[in-house]
Every structure is written in structure tokens, then in C-alpha cells.
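Visitor: Taking the hints into account, I'd like the entire structure generated from these sequences.
2 protein chains.
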Amino acid sequence: MLARPIQKLIEVFTRLPGVGPKTAERFAIHLLKSGRGEVTRLEKALEELLQNIRSCELCHNFSDMTPCEICSDTKRDHALVCVVAEPQDVIAIEKTESFGGVYHVLRGLIDPLRDTGIEQMKIPELLARVRTDGVREIIFALDPTIEGETTVQYISAQLRGSGASLSKLATGIPSGGSIEYADEITLGSALKARQKIENATGS
Amino acid sequence: MLARPIQKLIEVFTRLPGVGPKTAERFAIHLLKSGRGEVTRLEKALEELLQNIRSCELCHNFSDMTPCEICSDTKRDHALVCVVAEPQDVIAIEKTESFGGVYHVLRGLIDPLRDTGIEQMKIPELLARVRTDGVREIIFALDPTIEGETTVQYISAQLRGSGASLSKLATGIPSGGSIEYADEITLGSALKARQKIENATGS
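Protein sequences, first through last, are from chains S and W.
The first sequence begins at 1 in the UniProt record's numbering and counts up one residue at a time.
The second sequence begins at 1 in the UniProt record's numbering and counts up one residue at a time.
Take these hints with a grain of salt, some might be off.
Any copy, or any two copies together, can satisfy a pair, since identical chains are not distinguished.
[Unchecked claim] Derived BS3-like pairs (lysine-lysine); straight-line CA-CA distance at most 27 angstroms: (1) Lys168 - Lys75; (2) Lys44 - Lys33; (3) Lys122 - Lys44; (4) Lys196 - Lys168; (5) Lys168 - Lys95; (6) Lys192 - Lys8; (7) Lys168 - Lys122; (8) Lys95 - Lys8; (9) Lys75 - Lys122; (10) Lys8 - Lys33; (11) Lys95 - Lys122; (12) Lys192 - Lys75; (13) Lys33 - Lys192; (14) Lys196 - Lys44; (15) Lys95 - Lys75; (16) Lys192 - Lys44; (17) Lys168 - Lys192; (18) Lys22 - Lys168; (19) Lys8 - Lys44; (20) Lys44 - Lys75.
It is worth saying that the hints were derived from the structure and are not from the lab.
Please read these numbers as outputs of a predicted model, since none were measured by experiment.
Guide: Printed below as a string of C-alpha cells:
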């Protein structure tokens, strides 16, 4: 009973992550009620995206210029590379304002159970950067999951003998979290990676 | 640190109902990763919407033709009008497959506390339909809220003497719901509107 153009838009909206038919219907009805201006606004934003967004040839993040803003920033330490899985991880780390190096976006993680996707990942590009760009230190900022750990292992093995120092993010109790409800693997790794507390009274 | 066209798209997405900055970011990154085809698909659906969707001049539902598919259906009872607040209510009622009349979409409800929006509502159009189109029966299918009840009261007063029979949807315990957790107003109205059970043994 819905006109075909509305049905079609709902169908396209359901392709967005986490959007079911009910939510897609709300989006479509919202646009219909907001009218021409709102629909045009979304159209224009999509068109600009198509026209202007490319992949940075160095870090493989999405950007409107290549090299991207971060890779062209001479104030950043280009010998310190943070390896992440996806563009949204760059956003998350930038928000901490505690990293002054550059990034390498792998565009995925190795899934040891499925054996797919690794060809699309930017691993050869990372190895090339380390070989030719004088990378001193690599920090893996990948999810502490089977996929993340496998990816760290795989790339680390390829980088053996490269001279770059490798590290990965600390795992442990999340800030504000509770020990009572932490899972045993998290708690175990938090214990192993316990941090020394500076004692004001000395010794 | 996000390229401006991505930021812009995220901003437009947050204007959709229930979409916060994090969800909008996921939508944008999803489109970026899916690539040109997916973005174009959404663009085209929006364009088709702009080109083809208008408001039905009879019921004020969105449609690609006017009168809309429902209003042009000669098999439906045009003297029986179901009054709803929004286009999505038409979809919900059509899904029940238990209504054979036509609709009138008010495009809103009267908010007695705010006193706004009533000018945009299609109330004069409903009164005109009743006066000129020989409407026999009106069913108000509005939310059982202050706004819904106020709207029913307001329109009913205007229709006094029109000869049309007026009713509203039954309120009561939702099918599959629990008496223990029903609020007192719902339970009270379910008691008052109790339905006679046909007794197989007669009397």
C-alpha cells in the first residue's frame, strides 16, 4: 500500500548497518514530512562524498585529499605508526588527543576461521612503508579478539628483522569498570600487565 | 580529523529520527566502505522520491498518484473513513487487513499544552469531505493519549449534526499483554469496555 518510490527508499535504508524495516520506514516518512529541502540536503551530502572522497595513498584512511590531512601534517611523528583496522578507529584514537604519530588503516582484520578478506587488507602496503619510510615504532591498536590477535601475530611475523619496535594496546579493566564483573581473561591480563605505582615517600 | 564531506554527511544523517552522532558515523563509514554503487543507489532513491511523491488530495497520505491507490480503489467503502494522525498509521492499519474503508491523514495531533501545529493539520479538509462526500461513518484511530483524545473531542464537536456516526478504537489490554503490568487507566477502560463472550451452551 506504500507508493513504490517510498518502498524503494525504505529498502535502500535497510542496507545501512543496524537499520531494520521499521527504522527505515521512520527515516523515509521523516524525509517525506520534512519535504524537499531535507531530501535535497541528503542528496547533496552524498554527491559531495562521491565527488571528493578518496583513499589516502599512505595510510588508506578516507580523506578528501591524498596524502590525507594527518599524513601531510609535518608536526606529527612519521616514524611512529599506529595500525588500526578501520577508519572509525582513527577517529576514536584522535579523540584521546594522546597520539602524535601517523596511522595505517588495514581495512579489516584477519579472520582465522573464515580465511577470507586478507587479500583486500592493506598489509603489503604496511610492510612496504616499514621497509622504505624508516618507520621506528609500530603500535597495533586492534580489538583484543581472536581476529585482532591473529592479525597482530601475522603482521609481526612478517616484520621480523625490520628493526621497527612493535607494541600493542594494553588490555585490562576499562576505566570506570568493575573488577567483580570483569571476565577472567581481561582480569588475568590486567594482573599480568600490572603497572607500578609511583610512591611519593620514595624508595 | 574527518574530511569535511564525511562530516557533512554525518551531520545530515543525525537529522533522521533516533540517529545520534555515533550511528550517523557508522552509516557514513558504511557507505564509504561499500563504495560508489551503494551511494548512488541511495541518491537515486531520494531523487525518485523528490520526482514522484506527492500528497493525495483526498486523504493527504503520501503517494505517487493523486487520488492515491487507496482513494481510487472502487472496491473500498468510501463512506467509511478512518481518521489517523500520520502516514505510518495507514501502513499499520492496512497490515491488519481488517479495514475496507478509506483514510484521512490529519498530519498531526492537537497538543492542548502547546497550542501549535493545528493550522497545518488537515481538519478543514476532513470536515469538507464529511459535508460533501456523503461520509456515513468515521473511525478515529488516534493514539489514546492526551493529544489523541483532545483531537477526537475537537473534531467530534465540529461534526455535531453532520449525520455521520463516530467511533474510536477500543482501548484495553494489548493482545499477549499481562494484567499484572497493565497501567490503571488501561485496565479501567478495559473493564468498562468489557466484551460479552458468546456462550456455546446457550441462554
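Visitor: Each hint needs a verdict: does it hold in this structure or not?
Guide: Here's how the hints hold up against the structure:
no.	hint	result
1	Lys168 - Lys75	within (23 angstroms within a copy, 69 angstroms between copies)
2	Lys44 - Lys33	both (19 angstroms within a copy, 19 angstroms between copies)
3	Lys122 - Lys44	neither (31 angstroms within a copy, 31 angstroms between copies)
4	Lys196 - Lys168	within (19 angstroms within a copy, 70 angstroms between copies)
5	Lys168 - Lys95	within (18 angstroms within a copy, 53 angstroms between copies)
6	Lys192 - Lys8	neither (54 angstroms within a copy, 44 angstroms between copies)
7	Lys168 - Lys122	within (18 angstroms within a copy, 62 angstroms between copies)
8	Lys95 - Lys8	between (37 angstroms within a copy, 18 angstroms between copies)
9	Lys75 - Lys122	within (25 angstroms within a copy, 60 angstroms between copies)
10	Lys8 - Lys33	both (17 angstroms within a copy, 22 angstroms between copies)
11	Lys95 - Lys122	within (24 angstroms within a copy, 48 angstroms between copies)
12	Lys192 - Lys75	neither (35 angstroms within a copy, 75 angstroms between copies)
13	Lys33 - Lys192	neither (57 angstroms within a copy, 37 angstroms between copies)
14	Lys196 - Lys44	neither (53 angstroms within a copy, 58 angstroms between copies)
15	Lys95 - Lys75	within (17 angstroms within a copy, 60 angstroms between copies)
16	Lys192 - Lys44	neither (52 angstroms within a copy, 54 angstroms between copies)
17	Lys168 - Lys192	within (15 angstroms within a copy, 66 angstroms between copies)
18	Lys22 - Lys168	between (41 angstroms within a copy, 25 angstroms between copies)
19	Lys8 - Lys44	both (19 angstroms within a copy, 10 angstroms between copies)
20	Lys44 - Lys75	neither (34 angstroms within a copy, 42 angstroms between copies)
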